[in-house]
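Visitor: Based on the hints, put chain B in the right spot on chain A.
There are 2 protein chains.
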Amino acid sequence: MARINEHYSKLQAGYLFPEIGRRVSNYAEAHPDKKIIKMGIGDVTKPLCPAVMQAFHEGVDEMGQEKSFKGYGPDKGYDFLRNAIIDNEIKARGITTITADDIFISDGSKCDTGNILEIFGLDNSIAVQDPVYPVYVDTSVMAGRTGTTNEKGQYEGLHYMPCNEENNFIPEIPSKKIDIIFLCYPNNPTGTTATKEELKKWVEYAQKNKSIILFDAAYEAFIQEDNVPHSIFEIEGAENCAIEFRSFSKKAGFTGTRCAYTIIPETLIATDSKGNDVSVKKLWARRHATKFNGTSYPVQKAAAAIYSPEGKKQVEETIAYYMENARIMKESLQEQGFTVFGGVNAPYVWLKTKNGMKSWDFFDQLIEQIQVVGTPGSGFGSAGEGYFRFSAFASREQVIEGMEKLKNASL
Amino acid sequence: MARINEHYSKLQAGYLFPEIGRRVSNYAEAHPDKKIIKMGIGDVTKPLCPAVMQAFHEGVDEMGQEKSFKGYGPDKGYDFLRNAIIDNEIKARGITTITADDIFISDGSKCDTGNILEIFGLDNSIAVQDPVYPVYVDTSVMAGRTGTTNEKGQYEGLHYMPCNEENNFIPEIPSKKIDIIFLCYPNNPTGTTATKEELKKWVEYAQKNKSIILFDAAYEAFIQEDNVPHSIFEIEGAENCAIEFRSFSKKAGFTGTRCAYTIIPETLIATDSKGNDVSVKKLWARRHATKFNGTSYPVQKAAAAIYSPEGKKQVEETIAYYMENARIMKESLQEQGFTVFGGVNAPYVWLKTKNGMKSWDFFDQLIEQIQVVGTPGSGFGSAGEGYFRFSAFASREQVIEGMEKLKNASL
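Here the protein sequences line up with chains A and B, keeping their order.
Residue numbering for the first sequence is 16 to 426, as defined by my numbering.
Residue numbering for the second sequence is 16 to 426, as defined by my numbering.
Incorrect hints may appear among the rest.
Which copy? The list can't say, so a pair holds if one copy fits it or any two copies do.
To be verified - Listed below are the simulated DSBU-like cross-link pairs for lysine-lysine, each with C-alpha atoms no more than 35 Å apart in a straight line: (1) K85 - K327; (2) K49 - K85; (3) K420 - K373; (4) K82 - K50; (5) K373 - K85; (6) K25 - K297; (7) K225 - K306; (8) K297 - K61; (9) K328 - K82.
Quick caveat, the hints were computed from the structure, so don't treat them as lab data.
So that you can see chain A by itself, here it is in the shape it has in the complex (with noise of 0.2 Å):
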């Protein structure tokens, strides 16, 4: 008789962002003259850049050619790929501590941040930050690695690092030993960041337990400011303790195309049970030549065409726009008597309700009144409630039009 894997059944009701198009579909269909706007999922909606269309096609028409026609590809991506990622996001940080073999490219971060905890034992123990990313939680509920919630949400078994306006989103160092820590920066979902200074002292922290911080930089091409590193390899001593997860997605408008990567530095070790020394990045290797089969090929030059002159500026351009709509938010949001975070290096702004509402009743009096839609930051984590997360990836005109709406409701 085969049975589930009972793990799932401790999952609390659906993924987050299921549940928002839930509603969103509701609303629409009970009100069907309504015009909603959408600045609640993180998906872009700017088409890809021409340097990349360029390459996107070269990249087929290839496929179409028996003597350019690529079967399957090298299991962890295209050295033209690998090589084109360590010249503009790596050497071109300062960074000398991680080779192009260090780079895994996959078929996105949600997949390579959901399945990194394989390698590792169900014995270790694992930090989260609160808020946080769905899915790091979901995945180590799935696996079995947490008991039930409790009356919060929280999973048992589970380190939450609450993340607030008191500590300015940058978790306490963990008073005991944590085996893998989950950080995020900047942040999804309050789009806050750390600076270097901050950082190290997770990287310290990590060394002197021989713990993993699991470092998810989906956002970092969204930093403006110089002082925010966009790698936590930037950290000495970090390629002794640190993974670190990138993506096209946000960079450049993959959130449909699907490309991402997964830095593991040869020199990150972990260990068996008997204390003997062990390559993470060999485990991985293994894992990703087993489970996966390498990502599209013209998805793959695709992306790699980001880092042409042009492509580089047409990416830039395309990041200034998001990152205008966040500045107009937050200072409308401001305007508003809102307390306001994230929103300067992160297409992320993360607001304060006021009076103390609750995340999903903003959410919905937001539908009801306004038909705007964002993220209750309560479905973040329990320490996100009472805030509610605007996503800066909408067009100028619906990021304007929302927030005039905004100031006129009653919330």
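Guide: Relative to the frame of chain A, chain B by itself:
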């Protein structure tokens, strides 16, 4: 202190195909003047067909315009592709039990077959054919579903079902209850098939024992004979006991383009530890939504094009080309006195070595003597020892040259 998943250390050596690659590279480096004929890895060589190329380019074009740009797609894939599959692969075969909602589009069957066990408890017993596609076994090991290997290289805890000349490569129905059974037809690596009558016995077994059959039909497009089912769902009752994996990789040359799908019937039920019924499809939908972010839009558009009238014709032509290769191989090998299986409804020819020569010895002899690469049967399991796989995905010239050379080898 971060600890590894120690189950990885139970894995034997490397994944089969990288090992072959390594031996071929070693030979090529030592003999740079020798031309090597590759008929080992089951990777296609013919380019994408014109209908697919056109749709692929159109899909890319849509990504370059704001109006038609696609961000995150539906988790389970676009309806245009799911509906095309239903019309052309399901209804066209007279199957009425599967709907478009049962189709999950993905980036590959390797990923799907490797990930599917995640939704089932660790306490399920698992059966695999022997020889077998290594992914089913290796991913079971990595997830901690097995012990270590015995002297035959078989993992403790897996139920191996020998497939050989004696049983016509159809495993015996197990005498004990097995919860989850991997079956692959047309079979990789043996190229053999199962008739409806034979599959019916398996469906009956699964119904009786509330087992689930994981049916890998990646090679169904190569079936030439009428009495060979293309889908397990052609068997009555399979909708209550089977999941099917399908791929565009071999059918339409998508090994480097990446698109596949999994079919989980609405009516497929497994149980929890209290004996409650749970929808398997819902569990996979939750996994898909949490750990996967959809298949590239232009790739899905390209895949759907194989169902246009031109697409169908073009895909059929390429398959006919490969199957003619298989026929040439099979005839030549038989003339040379080899006992040969497969090659009629699958692009693989499975030969028995002469005088009981070991599979890897045959591999080494072939490359040393005549620079022809195939796949050692023992790489697929201990029951594959003394067998050898040739893939028909090479060019006609290579197949003819390879077979000629084989005639002059002393094996």
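Visitor: Given identical chains, is K85 near K327, meaning Cα to Cα at most 35 Å, within a copy, between copies, both, or neither?
Guide: Both, since 26 Å and 21 Å are each at most 35 Å.
Visitor: Pop the pair K225 and K306 into one bin, within, between, both or neither, using alpha-carbon distances up to 35 Å.
Guide: both (28 Å within a copy, 27 Å between copies)
Visitor: Given a CA cutoff of 35 Å, do K328 and K82 count as a within-copy pair, a between-copy pair, both, or neither?
Guide: both (32 Å within a copy, 22 Å between copies)
Visitor: Is the C-alpha distance from K49 to K85 at most 35 Å within one copy, between copies, in both cases, or in neither?
Guide: This pair counts as between: shortest inter-copy Cα distance 23 Å, intra-copy 48 Å.
Visitor: Please work out whether the CA atoms of K82 and K50 approach to 35 Å or closer within one copy, between two copies, in both situations, or in neither?
Guide: between (51 Å within a copy, 17 Å between copies)
Visitor: Up to 35 Å between alpha-carbons, please classify K297 paired with K61: within, between, both or neither.
Guide: between (37 Å within a copy, 33 Å between copies)
Visitor: Between the shortest in-copy and the shortest cross-copy C-alpha distance, which are at most 35 Å for K373 and K85: within, between, both, or neither?
Guide: between (52 Å within a copy, 33 Å between copies)
Visitor: Indicate which option fits the pair K25, K297 if close means a Cα-Cα distance not exceeding 35 Å: within, between, both or neither.
Guide: both (32 Å within a copy, 14 Å between copies)
Visitor: When no copy is named, should K420 and K373 be tagged within, between, both, or neither for a Cα gap of at most 35 Å?
Guide: within (20 Å within a copy, 76 Å between copies)
Checked against the numbered hints given earlier, this structure breaks none of them.
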